[in-house]
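Student: Chains as they are written, first to last, in our numbering: chain A, 1 to 257; chain B, 258 to 583.
Rather than coming from a laboratory, the hints here were simulated on the basis of the structure. Be aware that a few hints might be false.
Covered stretches of chain B, as calculated for chain A (at least 3 residues, CB under 8 Å) [stated by the list, open to error]:
{"id": "1", "stretch": "291-303"}
{"id": "2", "stretch": "348-355"}
{"id": "3", "stretch": "404-417"}
Keeping only pairs whose Cα atoms sit at most 30 Å apart, straight-line, the calculated DSBU-like set for lysine-lysine is [said to hold, decoys possible]:
{"id": "4", "chain 1": "B", "residue 1": "Lys516", "chain 2": "B", "residue 2": "Lys548"}
{"id": "5", "chain 1": "A", "residue 1": "Lys74", "chain 2": "B", "residue 2": "Lys543"}
{"id": "6", "chain 1": "B", "residue 1": "Lys496", "chain 2": "B", "residue 2": "Lys525"}
{"id": "7", "chain 1": "A", "residue 1": "Lys27", "chain 2": "B", "residue 2": "Lys494"}
{"id": "8", "chain 1": "B", "residue 1": "Lys548", "chain 2": "B", "residue 2": "Lys299"}
{"id": "9", "chain 1": "A", "residue 1": "Lys226", "chain 2": "B", "residue 2": "Lys407"}
{"id": "10", "chain 1": "A", "residue 1": "Lys81", "chain 2": "B", "residue 2": "Lys299"}
{"id": "11", "chain 1": "A", "residue 1": "Lys243", "chain 2": "A", "residue 2": "Lys18"}
{"id": "12", "chain 1": "B", "residue 1": "Lys548", "chain 2": "A", "residue 2": "Lys226"}
{"id": "13", "chain 1": "B", "residue 1": "Lys494", "chain 2": "B", "residue 2": "Lys525"}
{"id": "14", "chain 1": "A", "residue 1": "Lys169", "chain 2": "B", "residue 2": "Lys407"}
{"id": "15", "chain 1": "B", "residue 1": "Lys525", "chain 2": "A", "residue 2": "Lys74"}
{"id": "16", "chain 1": "B", "residue 1": "Lys494", "chain 2": "A", "residue 2": "Lys81"}
{"id": "17", "chain 1": "A", "residue 1": "Lys169", "chain 2": "A", "residue 2": "Lys94"}
{"id": "18", "chain 1": "B", "residue 1": "Lys299", "chain 2": "B", "residue 2": "Lys494"}
{"id": "19", "chain 1": "A", "residue 1": "Lys169", "chain 2": "B", "residue 2": "Lys543"}
{"id": "20", "chain 1": "B", "residue 1": "Lys516", "chain 2": "A", "residue 2": "Lys226"}
{"id": "21", "chain 1": "B", "residue 1": "Lys548", "chain 2": "A", "residue 2": "Lys74"}
{"id": "22", "chain 1": "B", "residue 1": "Lys348", "chain 2": "B", "residue 2": "Lys299"}
{"id": "23", "chain 1": "A", "residue 1": "Lys94", "chain 2": "A", "residue 2": "Lys243"}
Built from N, CA and C at the ideal position, the CB exists for glycine as well.
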Amino acid sequence: MEKTQTTFTCRFCNADIKIEALTKNLKVCPACDAHYPMSAQERLNLLVDVDSFEEADTNLYSIDALEFPEYPDKLERDIAKTGLRSEMLTGAAKIGGYPIAIAIGDVGFIGGTCGAVIGEKVTRCIEHACETQLPLVIVSVSGGMRMQEGTLALMQMAKTAAACTEYAKNGGFYISVMTDPTFGGATASYSSLGDVIVAEPGARIGFAGPLAVASLQEELPENFQKAESLVAHGFIDHIVHRKDMRQLLTDLISYTY
Amino acid sequence: MNSTELDFERPLIELERHLIQLDAFTEEHPDLDLTEGLAALKQNADSLTKQTFQKLSRWDKVRLARHPQRPQAPLYIDSLLDDPVELRSDKLYGDDRALIGGLAWFDEQPIVYLAQQKGTNLVERQEMNFGYTHPEGYRKARRLMRLANKFNRPLICFVDTPGAHFDLRSEEYGQASAIADNLAEMMQMRVPILVIIIGEGGSGGALAIAVGNRVLMMEYAVYCVAPPEACSGIVWKDKGEHAPEATEGYKPTAPDLLKIGIIDQMIKEPLGGAHRDPEAAVRNVKRAIKKHLNELIDMTEEQLIQQRYERYRNLGLYGEDDNNCP
Ligand SMILES: [Zn+2]
């Protein structure tokens with residue numbers, strides 16, 4: 001997204017768009033329907049009923065447990081940049097009047113990577129859904145596992161998968177919403193374990209990062225690692241336009257309430 | 258000089274060669290008594306090895322974990338398991354040679370085994386995709402996990418992969434989904450799961466068969482969130498030049514991971530690493546499997562599921578504090 005004061009040029013269709021028009025249109029290009037990233041807060045406003053959100057676990061924060069070079073500086077920088085201190089919004093809310101548990105990722109924090117805090121918050125959110133027998137919605141956006149937290153970050157895959165398993169055993173209904181981008185350990189754990197998996201149009205979704213794939217110099221199809229390709233290959237149920245997401249979630253949740 | 262030797266191994270290997278020559282010389286000249294000198298020299302060689310290996314950096318250990326002569330899963334399967342019958346199908350699409358498994362006996366106990374392998378020569382390495390596991394491999398593993406569960410057999414997993422494969426086909430065949438499904442599958446298994454990381458524990462590609470009641474790790478194995486070169490690329494935005502710094506940073510060695518509870522035991526390797534004395538390595542692994550399997554077999558199904566759940570539930574270091582929160 002190239003900004004020139006009040007307008008920008010869409011990197012998908014090259015149309016010059018007023019930023020105001022983009023914001024009004026849920027950050028979807030009015031010319032070509034390309035879905036641009038949203039912050040966790042914007043997405044929350046989009047999906048849940050007004051004033052219904054009660055945030056949980058706001059006091060969790062990342063620490064530099066392994067003394068990884070420059071990690072504390074990067075944490076500080078991104079806390080300042082995003083205004084988020086715990087990297088992900090989790091809590092209870094209502095969608096279409098139905099009470100649910102919800103977790104929403106934010107790509108702005110260390111590339112949206114998943115470390116111990118996100119692992120713990122996702123896990124607690126699922127546990128809360130389990131205890132209160134609420135449907136669960138997780139909106140994923142992830143740059144994979146966080147390198148600076150090493151093997152502990154990797155373990156969050158097993159931890160969140162464990163929570164998903166418990167939740168499923170107790171009859172919980174989990175809707176996974178994949179947004180651009182969802183990669184690495186998130187895709188290979190909780191994001192792929194939904195009873196229903198939906199994605200936004202054009203969302204990049206995969207296990208291997210683009211750099212790793214590019215290193216093999218294979219010729220790649222145009223929709224490679226796009227939501228559209230994952231639907232075609234049988235790993236996603238639906239591609240849903242941002243403006244229709246809340247209605248679809250409401251419809252889905254209504255089946256199990 | 259053998260091109261597979263690591264730089265810090267060279268002086269030790271040189272010294273060893275001299276010793277062998279000297280041994281031969283004394284055999285040819287029984288009239289000369291060099292016993293004392295030889296014994297002293299041997300002791301010197303051992304203490305030099307010890308000194309060298311005490312000072313190994315974490316990056317040195319990555320290189321040992323990837324050593325081309327390092328014993329691989331087939332050696333452990335052949336030496337530790339009786340009458341193994343390999344089961345090659347994933348009942349879906351194909352047979353991945355990077356991840357094998359089947360039925361076998363360990364110490365008169367019927368078990369199911371899973372093992373990742375990289376190959377020992379070029380033909381094998383190509384056949385086994387250098388150890389990069391495909392979705393078919395993970396789905397074969399899931400099928401065998403279910404078999405273990407059905408027949409109430411402990412599952413023993415030998416982990417050794419640089420990572421899950423990352424080509425176009427693996428992505429289109431659902432690599433992420435295959436790994437996620439295995440994590441969920443292992444979490445609900447009613448039987449003991451014993452994991453031994455014998456070489457490289459590469460990221461989600463390793464974890465997909467490594468959710469265990471016990472996770473053991475060889476002294477010079479590594480278990481990382483991503484290969485050091487990839488970590489270097491992500492954090493330092495380079496082509497892997499900072500791999501040694503990345504390794505020092507994210508601390509993927511056995512002593513590091515033992516300290517934070519990611520593994521339950523470090524299995525000692527023979528002096529100079531498993532490849533210098535594979536038989537000794539096999540003996541140590543056998544002893545460790547025996548000990549842990551004996552403990553796990555006494556647990557009930559509920560205890561096994563609960564213990565495994567809590568093991569992973571509690572992993573993760575973070576701050577939680579209303580006042581000190583940034
Ligand atoms: Zn556009």
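Student: Hint numbers the structure violates, sorted upward?
Tutor: Numbers 1, 2, 3, 5, 6, 8, 9, 10, 12, 13, 15, 18, 19, 20, 21, 22 - these are the hints that the structure violates, sorted from lowest upward.
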